[in-house]
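Numbering (my numbering), first residue to last: 13 to 371.
If you're looking for bench data, these hints aren't it; they were derived computationally from the structure. Some clues are possibly wrong.
[Unchecked claim] The list that follows gives simulated cross-link-like pairs (lysine-lysine, DSBU-like), each with its CA atoms no further than 35 Å apart:
#  : residue 1 : residue 2
1  : K177      : K80
2  : K278      : K317
3  : K177      : K157
4  : K56       : K188
5  : K21       : K43
6  : K293      : K43
7  : K44       : K21
8  : K44       : K177
9  : K276      : K157
10 : K229      : K276
11 : K44       : K57
12 : K293      : K276
13 : K44       : K317
14 : K157      : K80
15 : K43       : K229
16 : K43       : K276
17 : K43       : K80
18 : K56       : K177
19 : K229      : K80
20 : K293      : K44
21 : K177      : K188
22 : K43       : K157
[As the list claims (entries may be wrong)] Pair by pair, the computed Cβ-Cβ distance ranges are:
#  : residue 1 : residue 2 : range
23 : C238      : Q40       : 34 to 44 Å
24 : E203      : T103      : 44 to 54 Å
25 : E64       : L89       : 20 to 30 Å
26 : E74       : E181      : 32 to 42 Å
Predicted, not measured: the structure shown is a model, and the values here were computed from it. By construction, the Cβ of each residue, glycine as well, lies at the ideal position given by its N, Cα and C atoms.
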Amino acid sequence: MDYAPLIEKRRQRLAELDEAISSPEFYQDPKKAGLLTREHAQIKKLLALWEEHQSVRRQIAENEAMAKGDDAEFAALAAEELPGLRGREETLATQVQYALLPRDVTEDRDAIVEIRAGTGGDEAGLFAADLLRMYTRYVDAMGWKIEPMDASTSDAGGYREVVFKVTGEEVFRFLKYESGVHRVQRVPATEAQGRIHTSTATVAVLPEADEVDVEIKPDELRIEVCRASGAGGQGVNTTDSAVQVLHLPTGLIVRCQDGRSQIKNKEKAITILRSRLLERKQQEEAAKYSANRKALIGSGGREEKIRTYNYPQNRVTDHRVNLTLYNLTGYMEGDLAGMISTLQASEMAARLEEAGLGN
13 MDYAPLIEKR
23 RQRLAELDEA
33 ISSPEFYQDP
43 KKAGLLTREH
53 AQIKKLLALW
63 EEHQSVRRQI
73 AENEAMAKGD
83 DAEFAALAAE
93 ELPGLRGREE
103 TLATQVQYAL
113 LPRDVTEDRD
123 AIVEIRAGTG
133 GDEAGLFAAD
143 LLRMYTRYVD
153 AMGWKIEPMD
163 ASTSDAGGYR
173 EVVFKVTGEE
183 VFRFLKYESG
193 VHRVQRVPAT
203 EAQGRIHTST
213 ATVAVLPEAD
223 EVDVEIKPDE
233 LRIEVCRASG
243 AGGQGVNTTD
253 SAVQVLHLPT
263 GLIVRCQDGR
273 SQIKNKEKAI
283 TILRSRLLER
293 KQQEEAAKYS
303 ANRKALIGSG
313 GREEKIRTYN
323 YPQNRVTDHR
333 VNLTLYNLTG
343 YMEGDLAGMI
353 STLQASEMAA
363 RLEEAGLGN
């Protein structure tokens with residue numbers, strides 16, 4: 013497909029945005045300014061990719077001509093460079109296709125990740141802890157950062173629930189595929205007869221909401237302060253720092269007791285609440301977010317899985333794209349790149365077909 017006409021339209025749009033941003037009144041509407049600024053950055057990135065793609069295509073044409081020339085030495089050098097150039101051209105073509113798609117503004121956001129133990133008792137809580145460790149390793153490999161938001165530990169040393177924020181570049185674009193029920197099949201440490209047990213944990217990944225996305229009025233909140241509970245030492249058990257926030261219009265409740273500062277716990281709770289409200293708003297307004305929260309996360313039942321982690325066979329299977337990797341050990345150490353790239357490619361292929369941008 014010839015993308016040149018679409019690229020030209022983006023150039024024209026960039027000129028319009030340049031003019032709008034230079035206007036003295038541009039920042040009078042913060043929400044609109046934020047949207048236009050992000051669109052401006054995305055178009056500039058697209059045009060840079062397009063220019064590089066065109067440059068590589070010219071290099072390929074030149075090398076192909078040189079490879080057919082009379083100078084044997086130059087022909088050999090040109091032919092040697094062609095596989096790398098063609099691989100780069102293919103990668104850039106895919107990136108250009110993706111950049112031409114209508115962008116979901118949340119893809120560039122940081123993310124709030126919630127992990128909850130599902131069915132399986134203590135083993136489910138231990139699996140939730142394993143997932144937390146896995147995501148921590150992946151976040152480190154991506155050069156992102158994790159900020160703990162809230163946690164509720166189980167007696168066996170796992171988690172009933174853990175919530176954290178991930179900050180970095182395009183975090184939600186990569187982590188959004190983790191939402192759903194994760195199933196583990198393994199022999200628990202407490203199993204004396206070596207029988208394989210099946211347990212689950214649910215994961216929800218929410219884009220962090222800006223204040224301009226969701227307005228929360230003070231009179232819509234009921235905030236209660238109480239004593240933190242659970243593991244964490246003497247400071248946690250004796251400080252009235254836990255904060256519970258009730259959003260009266262929706263009935264949503266967020267509790268945060270991760271830190272000892274009441275103020276910081278309140279800020280974290282409202283951050284989580286705002287992201288949950290943004291998710292609810294998106295589900296109501298757009299067809300692609302039509303599935304309700306229960307459908308997204310699942311109820312923790314074994315039949316609602318998106319991924320299975322089978323320890324005896326050292327395999328992990330994603331049931332949405334029918335991909336099985338026999339490297340569970342490495343996967344649990346944070347080697348998620350191959351799985352996530354496959355999920356991204358599957359989503360992009362569907363979106364390209366829907367938008368009529370496929371080859």
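### Query
Keeping to a limit of 35 Å between CA atoms, is the pair of K229 and K276 held or broken?
Between K229 and K276 the Cα gap is close to 19 Å, so the pair holds against 35 Å.
#### Entry: Given hint K21 paired with K44 - CA-CA distance at most 35 Å
holds (21 Å)
### Message
Can you confirm whether the C-alpha distance between K278 and K317 stays at or below 35 Å?
### Response
The hint holds at about 33 Å.
#### Entry: Satisfaction of hint between K44 and K293, Cα-Cα up to 35 Å
holds (18 Å)
### Query
For the pair supplied as a hint, K56 and K188, is the alpha-carbon distance within the 35 Å limit?
It holds: about 25 Å lies between the C-alpha atoms, which stays within 35 Å.
### Message
Between the alpha carbons of K177 and K80, is the straight-line distance 35 Å or under?
### Response
With Cα atoms ~55 Å apart, K177 and K80 exceed 35 Å; violated.
### C238 paired with Q40, Cβ distance criterion 34 to 44 Å
holds (42 Å)
### Message
With the threshold set at 35 Å, check whether the alpha-carbon distance from K44 to K317 stays at or below it.
### Response
Since the Cα atoms of K44 and K317 sit roughly 39 Å apart, the hinted pair is violated (cutoff 35 Å).
### Query
Is the Cα-Cα distance between K229 and K80 35 Å or less?
violated (71 Å)
### Query
Taking 35 Å as the top limit, are the C-alpha atoms of K43 and K276 close enough?
holds (25 Å)
### Task
Sort out whether K80 lies within 35 Å of K43, counting only the CA atoms.
Between K43 and K80 the Cα gap is close to 56 Å, so the pair fails against 35 Å, i.e. violated.
### Message
Hinted pair, alpha-carbon criterion (35 Å max): K177, K157. Please report holds or violated.
### Response
The given pair, whose Cα atoms are some 8 Å apart, holds under the 35 Å limit.
Of the numbered hints given earlier, the model fails hints 1, 13, 14, 17, 19; all others are met.
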